[in-house]
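Make a model of the complete structure from these sequences and hints.
Residue numbers (numbering that gives the first Met the number 0), protein chains in the order written: chain A, 0 to 306; chain B, 0 to 496.
Derived from the structure by calculation, the hints contain no laboratory data.
A hint or two may mislead.
[Stated by the list, open to error] Stretch by stretch, here's where chain A covers chain B in the computed footprint (C-beta under 8 Å, at least three residues):
id	stretch
1	107 to 120
2	424 to 430
3	442 to 448
4	451 to 461
In this text, a Cβ means the ideal position worked out from N, Cα and C, and glycines have one as well.
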Amino acid sequence: MKTSTLMKSITASFFGAAMLLTGGVAQADYPCKEATFIVPYSPGGGSDQMARRLVPGMEEALGVSVNIVYKTGGGGAVGFSELHRSKADGCTFSNTVVPNVIISSKGDGVGYKPGDFEYIGMTESAAGALMVPLDSEYQTIDAFVAAALENPGMLTVAGTGGSGLSRWNQLEEVLGIETTYVPVGGGVGKMIPMLAGSHIDGAATGSNHGTKHKAIVNTILLAGENPVSTLPGVPTEPDWNYVITWGLMAPPGTPADVVETLNAAMNSAAQSSSVQDALLNGGYVSHNMSVAEVNAFMDGEIAKYAD
Amino acid sequence: MIEAFFMAISPSYLMYMTIGVLLGLVVGTLPGLTATMGTALLVPFTFALPTGEGIAMLGGLYVCAMFSDAIPACLVNTPGTPAAMATGFDGHPMVKQGRGQEAIVAACFASALGTIFGAGCYLLLAWPMVSIALKFGPPQFFWLGVFALTIIGSLAGKSILKGLAGAAIGIIISCIGISHAAEINRFTLNIPELRGGVSLVAGLIGVFAVPQVLSMILDLKKQDYVAEYRPEKGVVIKTIKKVLSAPIHFLRSAVIGSFIGILPGAGSPIAAIVSYNEAIRWSKDKSQYGKGDIRGVTASEIANNAAAPAAMIPLVTLGVPGSAPAAVIAGALMLRGLNPGPELFGSNAALVYSFGWSLLIAGIVVFFIGMLATPLLVKIIKIPLRLLAPLIMFLAIIGAYAIRNNIFDVYLMLIIGIFVFLVRRLGFHPGPIGLGLILGPIIEPSLVQSLYISHAVGVQKVFFSGSVNIILIGLSIFSVSAVALSRFRSKSKPETQ
Numbered sequence: 000m001k002t003s004t005l006m007k008s009i010t011a012s013f014f015g016a017a018m019l020l021t022g023g024v025a026q027a028d029y030p031c032k033e034a035t036f037i038v039p040y041s042p043g044g045g046s047d048q049m050a051r052r053l054v055p056g057m058e059e060a061l062g063v064s065v066n067i068v069y070k071t072g073g074g075g076a077v078g079f080s081e082l083h084r085s086k087a088d089g090c091t092f093s094n095t096v097v098p099n100v101i102i103s104s105k106g107d108g109v110g111y112k113p114g115d116f117e118y119i120g121m122t123e124s125a126a127g128a129l130m131v132p133l134d135s136e137y138q139t140i141d142a143f144v145a146a147a148l149e150n151p152g153m154l155t156v157a158g159t160g161g162s163g164l165s166r167w168n169q170l171e172e173v174l175g176i177e178t179t180y181v182p183v184g185g186g187v188g189k190m191i192p193m194l195a196g197s198h199i200d201g202a203a204t205g206s207n208h209g210t211k212h213k214a215i216v217n218t219i220l221l222a223g224e225n226p227v228s229t230l231p232g233v234p235t236e237p238d239w240n241y242v243i244t245w246g247l248m249a250p251p252g253t254p255a256d257v258v259e260t261l262n263a264a265m266n267s268a269a270q271s272s273s274v275q276d277a278l279l280n281g282g283y284v285s286h287n288m289s290v291a292e293v294n295a296f297m298d299g300e301i302a303k304y305a306d
Numbered sequence: 000m001i002e003a004f005f006m007a008i009s010p011s012y013l014m015y016m017t018i019g020v021l022l023g024l025v026v027g028t029l030p031g032l033t034a035t036m037g038t039a040l041l042v043p044f045t046f047a048l049p050t051g052e053g054i055a056m057l058g059g060l061y062v063c064a065m066f067s068d069a070i071p072a073c074l075v076n077t078p079g080t081p082a083a084m085a086t087g088f089d090g091h092p093m094v095k096q097g098r099g100q101e102a103i104v105a106a107c108f109a110s111a112l113g114t115i116f117g118a119g120c121y122l123l124l125a126w127p128m129v130s131i132a133l134k135f136g137p138p139q140f141f142w143l144g145v146f147a148l149t150i151i152g153s154l155a156g157k158s159i160l161k162g163l164a165g166a167a168i169g170i171i172i173s174c175i176g177i178s179h180a181a182e183i184n185r186f187t188l189n190i191p192e193l194r195g196g197v198s199l200v201a202g203l204i205g206v207f208a209v210p211q212v213l214s215m216i217l218d219l220k221k222q223d224y225v226a227e228y229r230p231e232k233g234v235v236i237k238t239i240k241k242v243l244s245a246p247i248h249f250l251r252s253a254v255i256g257s258f259i260g261i262l263p264g265a266g267s268p269i270a271a272i273v274s275y276n277e278a279i280r281w282s283k284d285k286s287q288y289g290k291g292d293i294r295g296v297t298a299s300e301i302a303n304n305a306a307a308p309a310a311m312i313p314l315v316t317l318g319v320p321g322s323a324p325a326a327v328i329a330g331a332l333m334l335r336g337l338n339p340g341p342e343l344f345g346s347n348a349a350l351v352y353s354f355g356w357s358l359l360i361a362g363i364v365v366f367f368i369g370m371l372a373t374p375l376l377v378k379i380i381k382i383p384l385r386l387l388a389p390l391i392m393f394l395a396i397i398g399a400y401a402i403r404n405n406i407f408d409v410y411l412m413l414i415i416g417i418f419v420f421l422v423r424r425l426g427f428h429p430g431p432i433g434l435g436l437i438l439g440p441i442i443e444p445s446l447v448q449s450l451y452i453s454h455a456v457g458v459q460k461v462f463f464s465g466s467v468n469i470i471l472i473g474l475s476i477f478s479v480s481a482v483a484l485s486r487f488r489s490k491s492k493p494e495t496q
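Right, dumping it as structure tokens:
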């Protein structure tokens, strides 16, 4: 008797949880019973964080539950191509990371072009950051450059997949150095222990990661002109025009009115004080773009990375 | 730490952790619902709770799923999560011999012990252990994967060549899709759905569940049940005594599990495989492994459970999760504005330690709940085959679909399943194919990254220097030659049967 009541309570709690997850009443202007949020990078990474920050506010604004699914691999290409193939009804959308979505589309047969997607909006950006292990011999960018000049190709720098390569190549050109690039798939999460254990000499990612892992890695250079408040005293390189911007996008052909609804929901979620605090403490710059603004922004970015 | 202990035994912590354990029982038992998915589904609900209770609930789910995945692995030879693959190698033969209850009790008790050991490491040895874990970079992960592959020697059955071929097939299947290092399509045959690769969970369900169902159907005329069900009085005490009578076996499995659990990216499945392999190597009587040796079940379950709390160690020390469910828990913390890692350890040590205590207590709760549920769960084998076969098939399809909400994964699972069913008739064991599926995603990216690094500093320095590399290479050579030697000996001996 005891065990059967136990099983019943297990099943009941499980189904209860399932019902809560799928519950909620759809609002009139959002045509879906629930939404699927594709995260193209590993759980716990920057995109996952962004998704989880936005989901509560978006659920409230849209009136439906938003379920996160992870489609990782190929520097985001797996998730982006999955979104590209998804039904264009606005019920499925994904993170977009610029320039990853542009650079990854140049891969062999990935099946999407960055211009194909319907961009919903951009919420935040981070500056490119060069990080080294805490106990690295090269604690300043000058020391790093000097070492790279002395031994061309001998320093190893990790980045995210093939997208990371082109942004690293750009800094190599600016600094006039030659290093060996090590591609790491599935987000920055896997790169940090490689760096902390000094298996690589440096890693090129974003100021958000430099901020989050301040205690175990040192950021020695930031891209762009503006310093980042969470990384005081780190020099900037204006000619390294690498900014990572996060936002949302929908499959090609998603109706314009649904994109507008999603834009409004996303912005209202992103402008809440808790999200804004998280962005400020995390080393990000926050954005609030309309659909027209995001399209103009994307046109510019796509042109920037055109061969 | 004492203060943290009293936090962890407060009624609200215990209650939510126990709810987590109950959910973990369901999540682990159903193939396709993994600990990662279970924790990810649960995260939104934990926001209604204070942080400590919330993560205790997630931790409870995680460690219990690492036990309950053994239930389908033993009863119907289908691991509930990838971590239970090695459990089934001996667990299922035990069930076939009518020792179903013994197998589940052993798995449950072993899981509880493993969890307690892993949580003990978390509470006492977090910092020293993580400094060793940092010695693992791409080349070390590559050699760890190679070392784990040597288990083929014990799995392959009669033909070692077929074992190797099976693992190669598994690794090739794991390489399908857009490569991790660069955006290159591999083996996708221009089918867009294949770009995302074959999901490990759907692949393993295909490798284990589908051939199982197909052979059940073929056997329908010969037998009506998976195995006989013989409830035995006192089996619980007897089994616990059996497990406790092998302290060295326990210690070895627990140390392997905790250590591999701490390596970011390796996790419970690899821990279980390596532990199972080592159990065989260090046993005097190896003849019963794969045929229903209780030590096979406990080796796998102790290790995969010890790996679960251990996977939290790099999270709280470095801010880097050691496994996918740990990453979900990290996400849950960060959304509360907490930054897991050295910062949180410094600012809120009570929270970090109370989580460790909760995991430890969860190990005990898993045991009692497992004991309550076992008599009921074992009755699954009392279901006649003609009902059980479609039931497993139904769960397999749901599981393959649920992991990515994609019907294509169901087709892939069926294709892989039929393929494995056919090659099994040719003498291939499904174990090596599943092994290849699990190890491919560890070996391949780490090999590629190591090759890039060796471009800068040289192949010799990257692959063949450093103490960890040398130890892993030495263990791999030792493992292969031991297998070769024992095979040579058994061949030169005249057949006695």
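Verification of the supplied hints:
1. 107 to 120: violated (count 0)
2. 424 to 430: violated (count 0)
3. 442 to 448: Result for this restraint: holds, n = 3.
4. 451 to 461: Our answer is that it holds, as 5 residues pass the Cβ test (under 8 Å) against chain A, meeting three.
Hint compliance for this structure: hints 1 and 2 are broken, all remaining hints hold.
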